[in-house]
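So you can see what is in the structure, the chains are spelled out below.
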Amino acid sequence: MTHPTDPLMRWDDVLAGFDPVLGLEVHVELGTQTKMFCGCRTEFGAAPNTQTCPTCLALPGALPVVNAVAVESAVRLGLALNCSIASWCRFARKNYFYPDMPKNYQVSQYDEPIAYGGWLDVEVPTPDGPRIHRIEIERAHMEEDTGKSSHVGGETGRIQGAEYSLVDYNRAGIPLIEVVTKPIEGIGALAPELARAFVGELRALVVALGISDAHMHQGSLRCDVNLSLRRTRVDELGTRSETKNVNSLRSVARAVRYEMQRQGALLEAGGRVVQETRHWHEDTGVTTSGRSKEQAEDYRYFPEPDLVPVAPDAAWVEELRSALPEMPADRRRRLQADWGVSDLEMTAVLNADALAVIEATIADGADPAAARKWWMGELARLANERDVELGQLGIFPADVARVIALVEAGTLTDTMARAVVDGVLAGEGSPDDVVTGRGLQVVGDDVSLLAAIDEAVAANPDVVEKIRAGKVTAAGVIVGAVMKATRGQADAARVRELLMAKLGV
Amino acid sequence: MTESTDLTRMTAARLASVVATGDASAVEVAQAHLDRITAVDAAVHAFLHVDTAGALAAAGAVDAARAAGGAAALGPLAGVPLALKDVLTMEGIPTTCGSKILEGWRPAYDATVTRRLKEAGVVILGKTNMDEFAMGSSTEHSAYGPTHNPWDLTRIPGGSGGGSAAAVASYEAPLAIGTDTGGSIRQPAAVTGTVGIKPTYGGVSRYGLVALASSLDQAGPCARTVLDAALLHAVIAGHDPLDSTSIDLPVPPVVEAARHPDVRGMRVGVVRELTGDGYQAGVQQRFDESVALLEELGAEVVEVSCPHFPYALAAYYLILPSECSSNLAKFDGMRFGLRAGDDGTRSVEEVMGRTRATGFGDEAIRRIMLGTYALSAGYYDAYYGSAQKVRTLVTRDFAAAFEQVDVLVSPTAPTTAFKLGAKLDDPLAMYLNDVATIPANLAGTPGLSLPIGLAPEDGLPVGLQVMAPVLADHLLYRVGGALEAAMLDRWGAPILDGAPAL
Ligand SMILES: [Zn+2]
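As you go down the protein sequences, you meet chains W and H in turn.
Take the first sequence: its position 127, counting from 1, is numbered 127 in the working numbering, and each next residue is one higher.
Position in the second sequence counted from 1, then plus 1000, gives you the working numbering.
None of these hints come from the bench; they were simulated from the model.
Do not take every clue at face value.
[As the list claims (entries may be wrong)] With a straight-line Cα cutoff of 30 Å, these simulated DSSO-like cross-link-like pairs (lysine-lysine) come out:
#1 W/Lys-148 x H/Lys-1389
#2 W/Lys-94 x H/Lys-1118
#3 H/Lys-1100 x H/Lys-1389
#4 W/Lys-94 x H/Lys-1389
#5 W/Lys-484 x W/Lys-373
#6 W/Lys-244 x W/Lys-373
#7 W/Lys-94 x W/Lys-244
#8 W/Lys-466 x W/Lys-502
#9 H/Lys-1118 x H/Lys-1100
[As the list claims (entries may be wrong)] Examples of chain W residues toward chain H, derived with CB under 7 Å:
#10 Pro-99
#11 Lys-103
#12 Asn-104
#13 Lys-244
#14 Pro-309
Predicted model only: the values in this text are computed from it and were never measured.
No residue lacks a Cβ here, since even glycine has one placed at the ideal position from N, Cα and C.
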């Protein structure tokens, strides 16, 4: 899809003329068994409207009941974000008409969030090495998700020009926690990476807490980026844009950078930034104008009278606090020390989102260096080739640990190990099943190797001459021929040894 | 006094015993009431839907249960017919809330009240008429035409639950369910000479009650006697996990209180702010006589001031429209009920707008607009915010009053039933009908209305309201029952015996 492109300012010019002010709103879809206010299931990808009931369809007379697990998740996330937990808070109705939203109001929290006033330290890479930056958290509050519309017919798949629209209410009422940062200022060129680091850190936190699968590509963690520019050395804040649904970590950084350049060009040309919602386009890497917020929508918030206030007991909150898992930053520091890797290598592991799988592979008995090598190398390549996350590749850490063990025992060569991984990914069973099934086994018998070498030597007299004349690199041809003859099952290093011994080189 | 053998003239308590002893079958009881509906409802128009087949089937099930397990297998109201206000859902039965926007909608689920009635073997005859979405004091705002007062068919039966009160008053049903947001059970009871109770907020589940104002709505019993109301109250009340605002405590001992009414030693407060100016002379006269009667019966009567009650009406008409503007937003033609203008050329928003403009009546639109305005940015504090402060003050007035007395009393409504059409063009005059009943809704306290005679000037019923503290619903029945017995002694017959034949 193509989009009208806005003029962009050179990055260095943006930084020279403006300071960015960044605000992030992250919606975390909780992994509770049931919805926020009813007993409907929350499985992703179920057939449309099969996970609905009178309450989440807003049929007349139906009433909401708060999901206690969702409240617990919100309190735990609040505590992990170093927030204060409200001793008493209410839900509020946010009133606006939208076909996605069955009640035509969203049950959310307004001026009484369950968690408020916290912070999260994030690490950003800088030319001078990693730097810790503290992001202040304004609030974390509970709310319900909306349904999903799809527009059928027409050319764009958007509402304009569609023949008809379909609404799936399976998502309506799924619990969300919205985390809102305070404005992040004085960060200049770091803005894109800081935004990405925050969302990444929050995602790691959510996963560590076990409250959401936090899959950005499935929308279970969604980021809205608020960004404005202010001219350097001027106090007045600029007008901000709100870019919705930025759905990957990489895109968070890209969207921030894009908006800085777009707004910079606009301001430099004497224009003004319009307060509006903008849409991020993953494919083209641009934002386009959405709903204008110049006439600010009036949501007519008021306390939700169908629900009673939520009053987390102080002792219970302390119990939850004491049971919080190890925080992701602590875990990273611990693993980095355990594995003995450099900051740079650790950053690479984190960027590849490989921390958890490497850790699990090591826990299954693999050597840390080998585990890292496999996940960061061959497996990362395969995941990239198939456009999936490492965790979704289809091979378990235990399988990888087994492959590593077979290589270390000398049962498999690296080449054969890769074939075993291919077999596992192709659904041929466990690594041992693949070894048996494909007949993969190092040929360790020198007698049969020597026979193969003899054949290769006889077939390549000119190459043998070159080797004898001192051109040792030519040995590769003979080794290759032997490997071919043994269908790759020979240990190449051993073949070379035997060849050199035979030729007396 | 000889008791009638006409099944439609019997109390619910008597009918239950007739069915239990086998003197009449539940099917015979149901059929007698269905026949009565056929005979008089063309004139009264209490019902929007009569479920003849369902009622007879339910009655048949009661008879079968009795045949199988004897009288012991039956609950205290098994086989007793009931009229259900059309604001409560009943599986498979049309639920319109008196509105065109829900015409033809058949819910797939029972309200908790409906479910409890069914489980108790109560025979639901049908759904009763009401002001649209319970907005009104006369039932004239029903999209399906008004209900007529059985005492005088040219007069209003009260509202919003005029259908339920009129059904009970015209012997179409011994029992009915009403809902009370600002007086919609009590005021119709007062103007039809019947008994109506708004339980403590949270005492009866709101699940399946189509909300007008969630923080004010409460379903409750309508009957011809205090004991019947108590028996029905006990069936429908109790905690419901589907309603977060439902109270998880035992139901107050209402039946016990109704069976042993006694006001000796009770302190009764007359609310100074709810008498005098604005109250019809005959209403005031009957009220004063009843207060004197309470003293004769051994109650200690004192005057009590509730200084913020005069502001309750204004606060109510901000809180109610605010909540209702949001509650009624779901009626958009997308998932159920009426859909207007969907001819393939209009956007979703246009269809929503047309559906609402077509489906809602004037009063609904008036209150949606009022509420939308009251909640708007810049007005919220002045309107909704101030109203909530008044609500707190009214609640404190009750608390202070209940430090001095056990119950409060007042006339239920300022006037007797007025003529159909008399106040239809004057919303403010209409709203004043609820001036005495609204404080209890704001505070969540329970209230009862019972008939205390006919106003001398027009010969129409007058109601007295009893108000008690939260979860002291049984005190309503103690006082109501005692007054009812004393009145019966004085009159020699129930007040409804004085109503003209239909
Ligand atoms: Zn549901």
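Compare the distance between the alpha carbons of W/Lys-94 and W/Lys-244 with 30 Å, and conclude whether the hinted pair is satisfied. 18 Å, holds
May I ask you to test the interface hint for W/Lys-103 with respect to chain H, counting a Cβ-Cβ separation under 7 Å as satisfied? This interface hint holds because 5 Å falls under the 7 Å limit.
Hinted pair W/Lys-244 and W/Lys-373, Cα distance within 30 Å: Given that 30 Å is the threshold and the Cα spacing comes to 37 Å, the pair is violated.
Restraint status (C-alpha distance of W/Lys-94 to H/Lys-1118 at most 30 Å): 37 Å, violated
Status of the hint placing W/Pro-309 at chain H (closest C-beta pair under 7 Å): Status violated, d = 10 Å.
Just to be careful, I want the Cα atoms of W/Lys-466 and W/Lys-502 compared with a cutoff of 30 Å; is the pair within it? It holds: about 15 Å lies between the C-alpha atoms, which stays within 30 Å.
Agreement of hint W/Lys-244 with chain H interface, Cβ distance less than 7 Å: Nearest chain H Cβ about 20 Å off; hint violated.
Decide if the proposed pair is consistent with the structure: W/Lys-484 and W/Lys-373, CA atoms, cutoff 30 Å inclusive. Given that 30 Å is the threshold and the Cα spacing comes to 27 Å, the pair holds.
Take a quick look at whether H/Lys-1100 and H/Lys-1389 sit within 30 Å of each other, Cα to Cα. 35 Å, violated
Is the hinted pair H/Lys-1118 and H/Lys-1100 satisfied, with a Cα-Cα distance of at most 30 Å? Since the Cα atoms of H/Lys-1118 and H/Lys-1100 sit roughly 27 Å apart, the hinted pair holds (cutoff 30 Å).
Taken at face value, is the distance from the CA of H/Lys-1389 to the CA of W/Lys-94 at most 30 Å? The given pair, whose Cα atoms are some 22 Å apart, holds under the 30 Å limit.
Taking 7 Å as the limit, does the beta-carbon of W/Asn-104 come near enough to a beta-carbon in chain H? Holds - the Cβ of W/Asn-104 comes within 7 Å of chain H, reaching about 4 Å at its closest.
Hint compliance for this structure: hints 1, 2, 3, 6, 13 and 14 are not met, and every other hint is.
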